[in-house]
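Quick note, the sequences are listed as chains A and B, same order.
Following the working numbering, the numbering of the first sequence begins with 17 at its first residue and continues without gaps.
Following the working numbering, the numbering of the second sequence begins with 3 at its first residue and continues without gaps.
These aren't lab readings, by the way, just hints derived from the structure by calculation.
One or more of the hints may lead you astray.
[Unchecked claim] Residues on chain B that point at chain A, a partial pick, calculated with CB under 7 Å:
#1 VAL10
#2 ARG13
#3 SER14
#4 GLU317
#5 THR320
#6 VAL323
#7 LEU324
#8 GLY325
#9 ALA326
#10 THR408
#11 VAL679
#12 ALA682
[Claimed, not checked] When the alpha-carbon atoms are kept at most 30 Å apart in a straight line, the in silico DSS-like pairs for lysine-lysine are as follows:
#13 B/LYS128 with B/LYS250
#14 B/LYS234 with B/LYS156
#15 A/LYS19 with A/LYS39
#16 B/LYS592 with B/LYS534
#17 B/LYS482 with B/LYS534
#18 A/LYS144 with B/LYS482
#19 A/LYS135 with B/LYS156
#20 B/LYS632 with B/LYS160
#21 B/LYS9 with A/LYS175
#22 B/LYS477 with B/LYS206
#23 B/LYS206 with B/LYS282
#24 A/LYS135 with B/LYS16
Each residue gets a CB set at the ideal place from its N, CA and C atoms; glycine is no exception.
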Amino acid sequence: MIKITNLEKFYRTEEVETVALNKLNLEINTGEFVAIMGPSGCGKSTLLNILGLLDDPDGGSYLFNGTEVAHFNERKRADLRKHNIGFVFQSFNLIDELTVFENVELPLIYTGVNSADRKQRVEEVLTKMQIMHRRNHYPQQLSGGQQQRVAIARAVVNKPKLILADEPTGNLDSSNGNEVMELLTDLNEQGTTIIMVTHSEHDARYSHRIVRLLDGHTVVENIMM
Amino acid sequence: MLQTYLKVAWRSLKARLFYTSLNVLGLALAMGCCILLYVYVSYQLSFDTYHRHAATTYRIVNELHLDKTEYDKGSSMAMYLAARRELPQVVNGAYSTSRQSYIVTAGTTEKKLFREEKNIAFTNSKWFDVFNYQVLAGNVQGLNELNTAVLTQKQAQKYFGNTAAVGQYIQIKSIPMRVVAVVADRPYNTDQNSDIYLSFATLKQVDPYYKDFTSQWGYISSVNNSYLTLRKAEDKAVVEKMLNRMAKPYFGDGIKYYKFELLPLTEQHFDLRYGGTTQKSLLTVLVIIGCLILATAIINYINLVVAQQARRSAEIGTRKVLGATAGRLLMQFVTESVITTTVAAMLAMGLVATVLPVINRYWFSAQPVHVSSWWALGGFTLLLVAVINVVMGIYPAWWLNRFNITNALKKQATLVQTGLGRKALVILQNLIAQLLIAGTVIIVMQVQFLKNTDKGFDRSMVVNIPVGAATDLQKQRLLKGIAHMPDVSSVSFYLNSPATDSQRGATLQFDNRAKWENWPARFAIGDAGYAKTFGLQIIAGRNRDSHATTTEFLVNQKMARMLMGNNWPDVVGKKLQPGDPKGIIVGVVKDFNVHSLLEPIEPTVVLEDKGLQTNMAVKLNGQHTDATLKTLQRLYTETLPDEVFSYRFIDEQIANLYRAETLQQNLIWGAAAMAIVISALGLLGLVSLMTLQRTKEIGVRKVLGAGVSQIGLMLSADFLKLVGIALIVAIPGSWWLMNQWLQNYAYHIQIHWWVYALTGMLAMLIAFVTVGFQSFKAAMANPVNSLRSE
Numbered sequence: 017m018i019k020i021t022n023l024e025k026f027y028r029t030e031e032v033e034t035v036a037l038n039k040l041n042l043e044i045n046t047g048e049f050v051a052i053m054g055p056s057g058c059g060k061s062t063l064l065n066i067l068g069l070l071d072d073p074d075g076g077s078y079l080f081n082g083t084e085v086a087h088f089n090e091r092k093r094a095d096l097r098k099h100n101i102g103f104v105f106q107s108f109n110l111i112d113e114l115t116v117f118e119n120v121e122l123p124l125i126y127t128g129v130n131s132a133d134r135k136q137r138v139e140e141v142l143t144k145m146q147i148m149h150r151r152n153h154y155p156q157q158l159s160g161g162q163q164q165r166v167a168i169a170r171a172v173v174n175k176p177k178l179i180l181a182d183e184p185t186g187n188l189d190s191s192n193g194n195e196v197m198e199l200l201t202d203l204n205e206q207g208t209t210i211i212m213v214t215h216s217e218h219d220a221r222y223s224h225r226i227v228r229l230l231d232g233h234t235v236v237e238n239i240m241m
Numbered sequence: 003m004l005q006t007y008l009k010v011a012w013r014s015l016k017a018r019l020f021y022t023s024l025n026v027l028g029l030a031l032a033m034g035c036c037i038l039l040y041v042y043v044s045y046q047l048s049f050d051t052y053h054r055h056a057a058t059t060y061r062i063v064n065e066l067h068l069d070k071t072e073y074d075k076g077s078s079m080a081m082y083l084a085a086r087r088e089l090p091q092v093v094n095g096a097y098s099t100s101r102q103s104y105i106v107t108a109g110t111t112e113k114k115l116f117r118e119e120k121n122i123a124f125t126n127s128k129w130f131d132v133f134n135y136q137v138l139a140g141n142v143q144g145l146n147e148l149n150t151a152v153l154t155q156k157q158a159q160k161y162f163g164n165t166a167a168v169g170q171y172i173q174i175k176s177i178p179m180r181v182v183a184v185v186a187d188r189p190y191n192t193d194q195n196s197d198i199y200l201s202f203a204t205l206k207q208v209d210p211y212y213k214d215f216t217s218q219w220g221y222i223s224s225v226n227n228s229y230l231t232l233r234k235a236e237d238k239a240v241v242e243k244m245l246n247r248m249a250k251p252y253f254g255d256g257i258k259y260y261k262f263e264l265l266p267l268t269e270q271h272f273d274l275r276y277g278g279t280t281q282k283s284l285l286t287v288l289v290i291i292g293c294l295i296l297a298t299a300i301i302n303y304i305n306l307v308v309a310q311q312a313r314r315s316a317e318i319g320t321r322k323v324l325g326a327t328a329g330r331l332l333m334q335f336v337t338e339s340v341i342t343t344t345v346a347a348m349l350a351m352g353l354v355a356t357v358l359p360v361i362n363r364y365w366f367s368a369q370p371v372h373v374s375s376w377w378a379l380g381g382f383t384l385l386l387v388a389v390i391n392v393v394m395g396i397y398p399a400w401w402l403n404r405f406n407i408t409n410a411l412k413k414q415a416t417l418v419q420t421g422l423g424r425k426a427l428v429i430l431q432n433l434i435a436q437l438l439i440a441g442t443v444i445i446v447m448q449v450q451f452l453k454n455t456d457k458g459f460d461r462s463m464v465v466n467i468p469v470g471a472a473t474d475l476q477k478q479r480l481l482k483g484i485a486h487m488p489d490v491s492s493v494s495f496y497l498n499s500p501a502t503d504s505q506r507g508a509t510l511q512f513d514n515r516a517k518w519e520n521w522p523a524r525f526a527i528g529d530a531g532y533a534k535t536f537g538l539q540i541i542a543g544r545n546r547d548s549h550a551t552t553t554e555f556l557v558n559q560k561m562a563r564m565l566m567g568n569n570w571p572d573v574v575g576k577k578l579q580p581g582d583p584k585g586i587i588v589g590v591v592k593d594f595n596v597h598s599l600l601e602p603i604e605p606t607v608v609l610e611d612k613g614l615q616t617n618m619a620v621k622l623n624g625q626h627t628d629a630t631l632k633t634l635q636r637l638y639t640e641t642l643p644d645e646v647f648s649y650r651f652i653d654e655q656i657a658n659l660y661r662a663e664t665l666q667q668n669l670i671w672g673a674a675a676m677a678i679v680i681s682a683l684g685l686l687g688l689v690s691l692m693t694l695q696r697t698k699e700i701g702v703r704k705v706l707g708a709g710v711s712q713i714g715l716m717l718s719a720d721f722l723k724l725v726g727i728a729l730i731v732a733i734p735g736s737w738w739l740m741n742q743w744l745q746n747y748a749y750h751i752q753i754h755w756w757v758y759a760l761t762g763m764l765a766m767l768i769a770f771v772t773v774g775f776q777s778f779k780a781a782m783a784n785p786v787n788s789l790r791s792e
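Construct all of the structure, not just a fragment, from the sequences and the given hints.
Here's what the structure looks like:
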């Protein structure tokens, strides 16, 4: 599904150029659950942003389902993103002014799904995430675990082929964290490819494969059994 | 989709109620201001534009080029008649002699006397053809007959109550005039000022002075109004040329001093040279002020949007990740600003409806302002909302365009410098407020100066009482009666007091010089008591003698100098012929102003003209004023049974000269107050956001030992610095602008340094009060809470 070759990304300030990704090579197949680990500043988030088409690389190639997307313009990237990729963030990034239902509905609005279908799909996914009873609440009224479940519901409502999760349990206690990991595992079992950045060895164990980054290089790939 | 926008916008506005309220309030005040200014400006621009052929109707006026050019809105009837008769370009026209004052006798059963001041005109039915009047009863054609009258509805009611006025009689100087028609009251937006129209044929009977009137080309007076309707506007130049050519045979050599011109009817209201009352430049200044105030409110809005950018960037980032396009996101911002401005516009309309009657009562009492068209006003408000939204949408559009999702999600957008742009906006806003504050202080001082400065005379406790056509005998009886009143210090029968808006004047011949002087002198017309009553100071020679057998004159020092230079005291005893009368100069008085202080002192002759002395000035000593006025009234009614007693202090009369300045003062005062309030609202919003964003910093500083006052001052200082910078820019700008304005006045104040010290202190004080409260509140918060909330 994803094949990156010699991917490069630099950050420049007036005086220094920092290399975030240094000729990185990585291949991820459809249906995989991959954890990306490494110390702070090793380029995990940069990689995730590039994979999610939120940022573009300075060099190298990025094939998404066989298409070169490294130099897509903003509009094309947005289009590819909204139909194929779901995002889960450490800080949930729910919109405060929208209810649970409306937050989950948002991606469907942006992809132009009609209102009746939207209602049905949002309800389906909320039920699946066991958060249906909170549909009319606002994010501030929910616990952290509930908020992350809403965020996951929002990430999957468009039935994306790929979910990118950036430390999804980072703001949660262990029992809520485990619940979230179970949810991601379920989604993976149903066929969704998942790439997750994490600091937690515990969470990484849910994945099939751990990619360890150090200074923008792939260091080790552990295959989990 | 629209529904979603509205819903989200509404919730987001509600969630930030404090900032939303500041924005709505600021915008409502600014829009209210703009709407009021629009009402005022559009009202002024509507004057006399609604007459049938307003675009092709002109008033005949003239310029008289002597040493100094004089402008006269009057014209002779002879010229008017010739133009009507001989010029094919002239398709219609009307003539009147207006601003006449008489005692009118009227009533149904019991006859009553009414003093009518300057609201009587002599004309014919053509007048109602050129100008739009609604005829309510009778037929205005009747006005072409002898001894007839047309009344406005208000006037008819005043004379005859609810009885039909048509067919009734009014009397002037015992001449009965039949009312032939009643017309609707004149609208608010007209410079026509008559309520009683008498048939032109009657003029000679009422006032024999006008007997050769229709044939005298030289009889040009500002009360004579000639209007010509031309075939088309392009004919104006030709007709002007023809008028000057036609006048030539009648003026002889004198024609070289005259230039006859046509003043468009629609320009009459704005041409101060010809009696217009409103400067177009004032309207321009008001439009600029309106724009500045609006800019202040828009700056508030943009500043608050920018300041909340950090908080919003995470939301916008998320939306972008989920697939929102920049266009859709912009719509979200625009929906919010549309809701804000719509609510503000409704509040503004309410504000205008409440405030307009109040300012009409206190500011515009002399000339109340009216909404000329509610439709146009509604359209203007919509346009205002649209313009504001476009301007307010520019920033978010720019911001969204260069938006970086990854930074936004890391909440780094705050680091996209909060600084320069916002600081510049705050400075600009304060600059506007300070310019207006300084302007207000200076204009108030100048208006006070104008109203209270007497150049060479003393107005205090002088009362003007019109005596109309009182005979010499009646005047003697009044004088005799007043001689017994202990609280009257002097009396004079006169025409015009010092500092008035109308004077007579003429060129003159001095001593034995063969040639007449090439400059005109002004006349102060009054009897020998004039100098004492108005406190003129005699600096050479003596006052005139009331029993003198020859004609005696006083001249002012300026005139004496113009005649004899440094030997000016020697004019005493020399012969003088100002216009018709010949006599001797007996004294020189210190310079005094015959005009308002807008104009410099002019050469002036104080002389007697019994026929014109229709007023009585009484100088009181300030004791038992009410009782004295009552005694005067009794004496007056006994002596002058055909007149109506009324009085007015000269003081008020002089204040009236500066009506335009007083109005400017009020307008700028209001504008300054608005600008201050709006910029204070903006500062309040900003400082509260700043302190919110710096909560953690404040907490850390407190933990490290900073005191409340140190933190409060630190937070306030940032803003006070900006106010200070604005002041530095405001001082030279305002000094230059206000000096330009002061140049309009021959006599004006000097701008002192303390005006700006005061402005600066005021601006600082307002900023400190606004900012200080929030700052110290933040500084006093418990650091444990602020650190935890992060």
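Measure nothing beyond the straight line between the CA atoms of B/LYS206 and B/LYS282; if it is 30 Å or shorter, mark the hint as holding. Violated, at about 39 Å.
So, as I understand it, the hint says B/SER14 touches chain A; can you test that by seeing if any CB pair is closer than 7 Å? Given a least distance of 5 Å, the restraint on B/SER14 holds.
Is the interface hint satisfied for B/VAL679? The criterion is a beta-carbon contact with chain A at less than 7 Å. At 30 Å from the nearest chain A Cβ, B/VAL679 fails the 7 Å test, so the hint is violated.
Was the hint right that B/ARG13 lines chain A, CB cutoff 7 Å? holds (4 Å)
Does B/LEU324 pass the interface check with chain A, least Cβ-Cβ distance below 7 Å? holds (5 Å)
Is the shortest C-beta separation between B/THR320 and chain A less than 7 Å? This hint holds: B/THR320 lies near chain A, its Cβ roughly 4 Å from the closest one there, short of 7 Å.
Check the hint pairing B/LYS592 with B/LYS534 against an upper bound of 30 Å on the C-alpha distance. It holds: about 13 Å lies between the C-alpha atoms, which stays within 30 Å.
If you take the shortest Cβ to Cβ gap from B/VAL323 to chain A, is it below 7 Å? holds (5 Å)
Under the criterion that the straight-line Cα-Cα distance not exceed 30 Å, is the pair B/LYS482, B/LYS534 satisfied? The given pair, whose Cα atoms are some 18 Å apart, holds under the 30 Å limit.
Evaluation of the interface hint that places B/ALA326 against chain A, nearest CB under 7 Å: Hint holds; B/ALA326 Cβ to chain A Cβ min 5 Å, cut 7 Å.
Distance restraint between B/LYS477 and B/LYS206, which requires alpha-carbon spacing of 30 Å or less: holds (25 Å)
Holds or violated: B/LYS9 with A/LYS175, Cα cutoff 30 Å? holds (26 Å)
Hints 11, 12, 14, 18, 19 and 23, counting from the list given before, are not met by this structure.
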